[in-house]
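So the sequence shown is numbered by the working numbering: it starts at 82 and just counts up by one.
Treat the hints as calculated values from the structure; they're not laboratory data. Where hints are given, some of them may not hold.
What the hints assert, rightly or not - In silico DSSO-like pairs for lysine-lysine, Cα to Cα no more than 30 Å straight-line: (1) 240 / 328; (2) 241 / 285; (3) 202 / 364; (4) 241 / 334; (5) 247 / 328.
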Amino acid sequence: MKNEKTTEDTALGIRRRVFEHAMRNNGGYLSQACSAAEQLAWLYNEELNLGAPTLPMIPKPFEGVPHADNPNYHTGAGYNGPFEPEFDRLFIAPAHYALVAYATLIETGRMAAEGLEMFNKDGSSVEMIGAEHSPGMEVHNGTLGIGLSTAAGLAWARKKRGEAGKVWVYMSDGEVQEGQTWEAIQCCAHHRIDNVKAIMDVNKQQCDGAMDSVMDVGDIKTKMETFGAVVVEVDAHNLSDMREAAKTKHEGKPLIILANSNPFHAMPILEERFPRLHYVRFKSEDERARMNVSIADSLGVDPIDYAH
82 MKNEKTTEDT
92 ALGIRRRVFE
102 HAMRNNGGYL
112 SQACSAAEQL
122 AWLYNEELNL
132 GAPTLPMIPK
142 PFEGVPHADN
152 PNYHTGAGYN
162 GPFEPEFDRL
172 FIAPAHYALV
182 AYATLIETGR
192 MAAEGLEMFN
202 KDGSSVEMIG
212 AEHSPGMEVH
222 NGTLGIGLST
232 AAGLAWARKK
242 RGEAGKVWVY
252 MSDGEVQEGQ
262 TWEAIQCCAH
272 HRIDNVKAIM
282 DVNKQQCDGA
292 MDSVMDVGDI
302 KTKMETFGAV
312 VVEVDAHNLS
322 DMREAAKTKH
332 EGKPLIILAN
342 SNPFHAMPIL
352 EERFPRLHYV
362 RFKSEDERAR
372 MNVSIADSLG
382 VDPIDYAH
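Take these sequences, add in the hints, and give me the full structure.
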C-alpha cells in the first residue's frame, strides 16, 4: 500500500491535523506532533511493510473488552493491515501519542478524517489515550515501558516460525525510567531477538515537566549498549538520518534508534510553555488566539475558525 504523498508532506499534514484539532478543542498533544511527525511519517510512508487496512475507514464504536462471548472484539492494529507472515507489525508504546498516531493514519490513507471527530467521545474507540481497540494500536500500552517487552515476545515467536515480517516499536524517552525497558533489551540480547527494531522519541519531556527534573536518566545510548542493544543516535527531524540508521547491522541484537527531537519544532511559539509541554491546554482566550495565528503561520495554513 503506497502513499502518494511524500514523507515530508505527510509529516506536515500530521502537524496541521493535530494543530486544527487542538485549536477546536481548546488544547491537545501539540508538542508530540512537533517531536514525532517525521518519525511516524517515515515509519508508515517508507520503512514499514504493511498490507491494506482490514478495518473500516471510519472507526467502529467501542465493542467491549475481549472475552469468549464477544465475537465482535478487535484490536486497532487492523488499520496497519493483516497479520500475515510477510508483513511488519508496529507497537506504539506511548499511548498518549494517540492523537498524532491517528493523524498519521489519516495522512497515509489508512483512516478517514472523520475518525478524529470521534476523538475522546463517549463510546468511541478513538481514545484520547490509545487502548488496544484504538486505531493503529496493537495492545494496551497505558503503562509506559511494556511496549518493547510485548514486541520482543512477538518478534521471538515470529523468528521461531521463520516469518519474514519485522517487528517495530515506537517509544518515548520517558520509558527508560521503567525497569521493564532494560529487561526487554537484556532479553532480546540473550535470546538473539534481532528481528525487532525500535525508534525512540527523545524529546526530554514528560507529563510533569522536563525529564531531568523528574528523574535524570543519564546517557541512554551507553546504557542501552551495555544491556545488549545496537544503538544509533539521529536527528529526529532529518529523514536521511533515520533512513540510514535503519540499515545498521545488528545481528543477534535489537536495534534502537534514538531520535533526538525538538518538542516545539515547527511550532516555535510553544517554547513559551516550556517545560510544561505534555498536554497544551490554553490558559486564556488571548493565548489561544495568539497561538492560533502563530502556529498557522508556521505551518503555512490559515488560522482555525474555532468559534464555528
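Here is what the structure says about each hint:
About 19 Å separates the Cα atoms of residue 240 and residue 328, which keeps this hinted pair within 30 Å; it holds. For a cut-off of 30 Å, the pair hint linking residue 241 to residue 285 is broken: about 36 Å separates their Cα positions. Using a Cα cut-off of 30 Å, the hinted pair residue 202 and residue 364 holds, with the two alpha carbons roughly 23 Å apart. Restraint check: the Cα-Cα separation between residue 241 and residue 334 comes to about 15 Å, which is no more than 30 Å; the hinted pair holds.
The hinted pair formed by residue 247 and residue 328 meets the criterion: a straight-line CA distance of about 13 Å does not exceed 30 Å.
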